[in-house]
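Kindly produce the complete structure, drawing on both the sequences and the hints.
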Amino acid sequence: MAISFLDKSAKIELTDVFYVRLSLKDGTVYENVEVRRLFPISDRENYISLIDSNEHEIAMIRSFDDISEESASAVKACFNDYYLIPKISKVLECNDKKGMLQMTVVTDHGNKSFRIRNRHSDMKIYPEDRVIIRDVDDNRYEIESLAALDRKSWILVASFL
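Heads up: the sequence shown at position 135 corresponds to 135 in the numbering used here, and the numbers run straight through without jumps.
Derived from the structure by calculation, the hints contain no laboratory data.
Every residue gets a Cβ at the ideal spot worked out from N, C-alpha and C, and that includes glycine.
A portion of the hints provided could be inaccurate.
Claimed, not checked - If you anchor each label on the Cβ, the simulated ranges turn out as follows:
1) R119 x E34: 31 to 37 Å
2) E70 x K124: 30 to 36 Å
3) A148 x R119: 35 to 41 Å
Here's what the structure looks like:
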């Protein structure tokens, strides 16, 4: 079965924290639709899958530019909670203890302390100076820009990258 790509004629409305209603131009309406990024780390704005309550992919969004602003807003609202990744603004402590990296940071969701098993696979630098960190509990944290960190924070993080 071929996947249909949505355009501006589709209407997507937020119905719950994680669900949307999808209305197509032919009158078909899908309730309790989940939206998922196919590339949640490397390409957050493109290729979004819409999945029905039976876990079947019913449509895809190539780009937010392809759908209406209202529909894009509804999808992004779902992502705000589903893909919650605290953003690190300051590193308070970063040291190696018993083979694991221990970090204490300030994020947009408060101070956090966590451990990282393998700094080589759990701390990844992406284009535009972005860093994604995965802790031992599989939580993710983001440094939007290494260059934007204060000097002490940058030194603490850079010594382990």
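For each hint, the structure was consulted:
no.: 1; hint: R119 x E34: 31 to 37 Å; result: 33 Å, holds
no.: 2; hint: E70 x K124: 30 to 36 Å; result: 34 Å, holds
no.: 3; hint: A148 x R119: 35 to 41 Å; result: 21 Å, violated
The structure fails hint 3 only (numbered hints given earlier).
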